[in-house]
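Please work from the sequences and hints to get the whole structure.
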Amino acid sequence: VSREARIEAMIEKYTVDLPNITEKLERSIIKDVHIILTGTTGYLGSYLLHYLLSNTSVSRIYCFNRTCDAKDRTAQSFASKGLTDSLPFLSSPQVEFLHAKVGLPQFGLDDDTYALLVANTDAIIHNAWTVNFNRGLESFEDPHINSVRNFIDLSIKTGGRARIFFISSIGAVSNYKSTLPP
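If you want the working numbering, it's the 1-based position in the sequence shown plus 436.
Keep in mind that a hint or two might mislead.
[Said to hold, decoys possible] Derived CB-CB ranges, DEER-like:
#1 546 <-> 453: 16 to 26 angstroms
#2 527 <-> 451: 37 to 47 angstroms
#3 446 <-> 521: 38 to 48 angstroms
#4 521 <-> 445: 40 to 50 angstroms
By construction, these hints were calculated from the structure, which means they are not laboratory data.
Just so it is clear, the structure is predicted and the values come from calculations on it, not from any experiment.
Beta carbons: idealized from backbone N, C-alpha and C, even for Gly.
What follows is the structure in structure tokens.
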């Protein structure tokens, strides 16, 4: 099967039952924002979390990570980057670390936790994706491609209130030149 046919089949699989949303939602400045952030143990994720912790509009951050020790690993990442002013916030009610399996329905979370996310999430920052240009398309399906669909489904269940932002460290630094400051 050609590469193009495999890509088209994957697109069809993940978009065939998407609802057609035609109404535009009015956007306003939101206070007390609740955000889902993936990949906080990674390089870029720790900086994103540090920034969100300093943003006074953000009242709750749900950190989705694959490992149960994500809080400790995030603390180590903060310390290694000199982000120690944010360390106390990792134990505050503002941050909740969830052991999420993003490729599973409801991210592998129980019904009550998922319902809480549907009711409260205003933004999703998806920052967890394997970067390997030597892998084929199919190797990204589980959990990466189906995780994007799961985030789309969550956003739809919020009435479209939860915007989705996808970022990758490779995308953030791909135009970096050694003449620029670190």
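Evaluation of the provided hints:
Checking the proposed 16 to 26 angstroms range against residue 546 and residue 453 shows it holds: the Cβ atoms sit about 24 angstroms from each other. Checked against the hint of 37 to 47 angstroms, the C-beta distance between residue 527 and residue 451 comes to roughly 40 angstroms, which is consistent with it. Take residue 446 and residue 521: their Cβ atoms lie about 43 angstroms apart, and the range 38 to 48 angstroms holds. Between residue 521 and residue 445 the beta carbon distance is about 48 angstroms. The supplied range of 40 to 50 angstroms therefore holds.
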